[in-house]
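K.L.:
Here is how the chains run, residue by residue.
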Amino acid sequence: MHSAVLVFPGSNREGDVAQAIELVTGRKPSMVWHGDGDFPKVDLIVIPGGFSYGDYLRCGAMAAQSPVMAEVKRRAGQGVPVLAICNGFQIAAEAGLLPGALMRNANLKFVCSDVHLKIESSQSLFTSRYQAGQVIRVPVAHAEGNYFADVETLKRIEDRGQVAFRYCAADGTTDGSGNPNGSIHNIAGIFNETKTVLGLMPHPENAVEPLFGGTDGKPLFEGLCEALS
Amino acid sequence: MTLKNGVLDPQGKAIGHSLNRLGFPEVGDVRQGKFIELELTETDPAKAKERLDEMCRKLLANTVIENYSIELVD
Numbered sequence: 001m002h003s004a005v006l007v008f009p010g011s012n013r014e015g016d017v018a019q020a021i022e023l024v025t026g027r028k029p030s031m032v033w034h035g036d037g038d039f040p041k042v043d044l045i046v047i048p049g050g051f052s053y054g055d056y057l058r059c060g061a062m063a064a065q066s067p068v069m070a071e072v073k074r075r076a077g078q079g080v081p082v083l084a085i086c087n088g089f090q091i092a093a094e095a096g097l098l099p100g101a102l103m104r105n106a107n108l109k110f111v112c113s114d115v116h117l118k119i120e121s122s123q124s125l126f127t128s129r130y131q132a133g134q135v136i137r138v139p140v141a142h143a144e145g146n147y148f149a150d151v152e153t154l155k156r157i158e159d160r161g162q163v164a165f166r167y168c169a170a171d172g173t174t175d176g177s178g179n180p181n182g183s184i185h186n187i188a189g190i191f192n193e194t195k196t197v198l199g200l201m202p203h204p205e206n207a208v209e210p211l212f213g214g215t216d217g218k219p220l221f222e223g224l225c226e227a228l229s
Numbered sequence: 230m231t232l233k234n235g236v237l238d239p240q241g242k243a244i245g246h247s248l249n250r251l252g253f254p255e256v257g258d259v260r261q262g263k264f265i266e267l268e269l270t271e272t273d274p275a276k277a278k279e280r281l282d283e284m285c286r287k288l289l290a291n292t293v294i295e296n297y298s299i300e301l302v303d
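In order, the protein sequence lines correspond to chains A and B. Quick note on my numbering: the first sequence kicks off at 1 and runs consecutively. Quick note on my numbering: the second sequence kicks off at 230 and runs consecutively.
Please note that a few of the clues may not be correct.
Stated by the list, open to error - Here are the simulated lysine-lysine pairs, PhoX-like style, with alpha carbons at most 25 angstroms apart:
hint : chain 1 : residue 1 : chain 2 : residue 2
1    : B       : K287      : A       : K73
2    : A       : K41       : A       : K195
3    : A       : K218      : A       : K28
4    : A       : K109      : B       : K263
Stated by the list, open to error - Computed spacing ranges between beta-carbons, pair by pair:
hint : chain 1 : residue 1 : chain 2 : residue 2 : range
5    : A       : S113      : B       : Q261      : 24 to 34 angstroms
6    : B       : V302      : A       : L228      : 45 to 55 angstroms
7    : A       : R74       : B       : E283      : 45 to 55 angstroms
Said to hold, decoys possible - Here chain A is said to cover these stretches of chain B; the calculated rule only asks that three of the stretch's residues, wherever they fall, bring their Cβ under 8 angstroms from a Cβ of chain A:
hint : segment
8    : 235 to 243
9    : 291 to 302
Keep in mind the hints are simulated off the structure, nothing from the lab. The C-beta atom is built at its ideal place from N, Cα and C for all residues, glycine as well.
Extracted from the complex, chain A is given alone in its bound form:
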């Protein structure tokens, strides 16, 4: 599996995700600079976490208009899978690759901790190595992860099974107690309509080595590798 990891001024998790991909696939991803409208043909595009363009105006707003994102939108339209993590999720939402928007955390605080996520569906490129209903533990680190969508959009994404992950308690209860940022319906990650684009606030790439506190993020990369190799 050959992948591309985008790099914007202010990205900071591009190395983490590149390392996670290399660990699982044995192949280093191509690092693609934001000004690059043209990059090699790849099986997977990753938009990593960080603070692209200093989060100026709105998180992800400027990055969404960069030359590389025009090309990402074109390729996503052709079905090339896109994994958008944290700031990447904000960029993908601003670019219109995913519905809704990410807003300031409800408690106005930067949240940096492990969270529990409930896998909503194993029927996707990204979640095939998980079981529906399974609870995993991965870290989050963000100030703007409060997912919002209007009533109609929310109904549509729920009806179509586009919710990938929900914040939950350790026992899998989704009563809001495990929700770190106020996201509507406890949404932590969503797919586009064709389930070829995944955006999520948590960092699966930081949960791939036992020494770093867990490996619950690893099956996401293993599933992608299996499907795209």
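Add chain B to chain A, keeping to what the hints say.
P.N.:
Then chain B, alone, in the frame of chain A:
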């Protein structure tokens, strides 16, 4: 740019609480937003407004969560 009705505004809420604490109990709901000043070369008001509207839709506002209004001044 202001948040649309129905979109929770935690920053506005925090501002309201602070004002209440500072001795302004008359303050109820607070909605905060963003103000951007641009200098334009366009001199025709209708054309300027049209361009500004496009700028708002493309970059300055996120219409999923925000409303915007445009004002021209000399």
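K.L.:
Hint by hint, say whether it matches the structure.
P.N.:
Verification of the supplied hints:
| no. | hint | verdict |
| --- | --- | --- |
| 1 | K287/B x K73/A | holds (15 angstroms) |
| 2 | K41/A x K195/A | holds (20 angstroms) |
| 3 | K218/A x K28/A | holds (16 angstroms) |
| 4 | K109/A x K263/B | holds (20 angstroms) |
| 5 | S113/A x Q261/B: 24 to 34 angstroms | holds (27 angstroms) |
| 6 | V302/B x L228/A: 45 to 55 angstroms | holds (54 angstroms) |
| 7 | R74/A x E283/B: 45 to 55 angstroms | violated (21 angstroms) |
| 8 | 235 to 243 | holds (count 6) |
| 9 | 291 to 302 | holds (count 3) |
Hint 7 from the earlier list is the only one contradicted by this structure; the remaining hints agree with it.
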